[in-house]
Amino acid sequence: MRKKFLLDGLGCANCAAKMERSIGKLDGVKQASVNFMTTKLTIEGEQEKMPSIVQEAENIIRKIEPDVVMKKA
Amino acid sequence: MMRKRLWRILAGAAIWLVAILIRPDRQWIRLVLFLASYGIVGWDIVAKALRNIRHGNMLDENFLMSIATIGAFLIGEYSEGVAVMVFYQIGGLFQDYAVGKSRKSIADLMNIRPDYANVRRGEELTRVDPDEVRIGDTIVVKPGERIPLDGNVLEGSSQIDTSALTGESVPREVEAGSGILSGCVNLSGVLTVEVTTEYEESTVSKILDLVENASSRKSRSEQFITRFSQYYTPIVVGLAVLLAVIPPFLTGWTTFSGWLYRALSFLVISCPCALVLSIPLSFFGGIGGSSSQGILIKGGNYLEALARTEIMVFDKTGTLTKGVFHVQEIHPEGVSRQELLELAAYAESYSSHPISVSLKQAYGKEIDNSRILDAEEISGHGVRATVDGKKILAGNQKLMAQEGIPCSDAGMTGTVVHVAMDQTYIGYIRIADEVKEDSARAIKELKATPNIRRTVMLTGDNAQIASRVAEELGVDEVYSELLPADKVEKLEELFAEKSPKGKLAFVGDGINDAPVLARADIGIAMGGLGSDAAIEAADVVIMTDEPSRIVTAMKISKKTLKIANQNIVFAIGIKIVVLFLSAFGITTMWAAIFADVGVAVLAVLNALRALNVRGL
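These protein sequence lines map, in sequence, to chains A and B.
The first sequence begins at 1 in this note's numbering and counts up one residue at a time.
The second sequence begins at 74 in this note's numbering and counts up one residue at a time.
Next comes chain A alone, as it looks inside the complex (with noise of 0.2 Å):
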């Protein structure tokens, strides 16, 4: 299944990148892709363990840059 979501704040190119990398990397994710341009992240991965993959990738991008704030787009 695919989630969308809305990173509000997201200001460096870097980070943008950092935070692909790492979501990329989460058990049970096909593909992470944070569009920099658009601030949006698309995870595709497993239907199962989503709300788990949701929570993690929501403390890698704090981690990365706190004050992004992620939301349902």
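Relax, there's no trap hidden among the hints.
Simulated crosslink set (EDC-like; lysine to aspartate or glutamate; CA at most 20 Å straight-line): (1) A:Lys72 with B:Asp204; (2) A:Lys40 with B:Asp169; (3) A:Lys3 with B:Asp204; (4) A:Lys4 with B:Glu274; (5) A:Lys72 with B:Asp202; (6) A:Lys3 with B:Glu273; (7) A:Lys71 with B:Asp204; (8) B:Lys563 with B:Asp594; (9) A:Lys72 with B:Asp282; (10) A:Lys72 with B:Glu273; (11) A:Lys3 with A:Glu48; (12) B:Lys121 with A:Asp67.
If you're looking for bench data, these hints aren't it; they were derived computationally from the structure.
This structure is a prediction, so every number in the text was calculated from the model and none was measured.
With chain A fixed as given, assemble chain B onto it according to the hints.
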């Protein structure tokens, strides 16, 4: 917000200037002023750095910049420590401005999302979110409003502007009975529309989805940058540490501060920002720009492949020709003209093939389904059906030959449908298709493109029609009388003829050539507007019916690739040169600042050019 930041930086810079101008013997006043200006300009960077250390984020940009500037202070380079922070902030401001601007251009480009729909419920008209409208609801679209959902016009007539979807500037006329698509703008009259899709499934959502998701299919340049940036920062930081420690260790610690200065310059250049910012932006710009021209490209990888296309293979019908057939000649043998046409139309009535459609159109009367028994389509040959208890065969010469019925198309142009009744030949109907206005121009321009080695046309039609069309258009090669499966096979043969890096593209109408579209390196579907099948099956969708847009798409992709390559070479080149010069102590931290933020700003400005696709 931005203005406040600017004032802060200017204030800090002013204090810095005063500090420089103060007599050098007033050491402590200078130090206080430098520290004050550093505090004003850089406190937020240092604060972020501290916060990120708590998160265990050591290679963070803010942290590295703080180390570099504080380090400069510690070795007595006060002035430079502040200057690096000032210019880092100014560069950051420029960068944010450029990013903000490009985000806005992209948002404008994708500003086809309808904000509301006027739904008629009972007598009343209510303004609701397009999401809340259901299939079968009636909506009213006033002049100047964006059409929120796909539907059919019930009442009213108007002109609609489809340019956001097709890049076509000439408005389209619509009236009761016409289908209309979301994302277009109603120009003149009030339209009452019956909604046929939910918002999620509407044309406008699909297009937006496609363009946004295009960034997840990365080009090779983008993949390279992703890998590069992963290693770049740790390597540069590692080198900086070595540079600060090893030479002083070998030559004596008195030289330490000089080497530390060089190492700090390394930290200033350690962010791959210019690259991670500008390369994806170039591709996103190219994809966004092409969507404004009615060309949807599903990913950076396809954009890249398009620029490397060597063999362009076209389907004929519906791609290079209009795919609209008209009966040109009815030639009965032993029956009346009307009978021949009627039997052919009935036999073909279950088929949606353009030929069948034209037969039904020429017949012009309602088809009474009860007169037809067991109709069967024989792919690439024709149909077999029982009409009024008689066995009717309608199709090409091959079908007749298979059944042992003698006939001949010799000397005829167009598509010939031979008809037999109970194994007896009763005549033929000749149907012809027209080439599109811009097909010849498209082929000519493609052939003028340096990397296109050949243009090929594939068709299920007979050799005679095929070669006539090919000649008219100037296509290099033509393969005719192909069944759908043969087309895939032919494509395999053509694959062998391209260079290892070159790509093969297939252009079709997306209706019955899905396997071929899928097999090609790039499947291009024409006339995507309103055709879900085409949008699904292809990698590149041309929203209009014009083959000349393929030339435009190639030009956009080449321009985008060129910009991306320029940025890669420019950014990496400058960084390596400055790293080298810093290592040998030839330059100052000023050059390092330029290699970091200066390059990033220039690369972003260059990348923004990819958005501009007008006049290509």
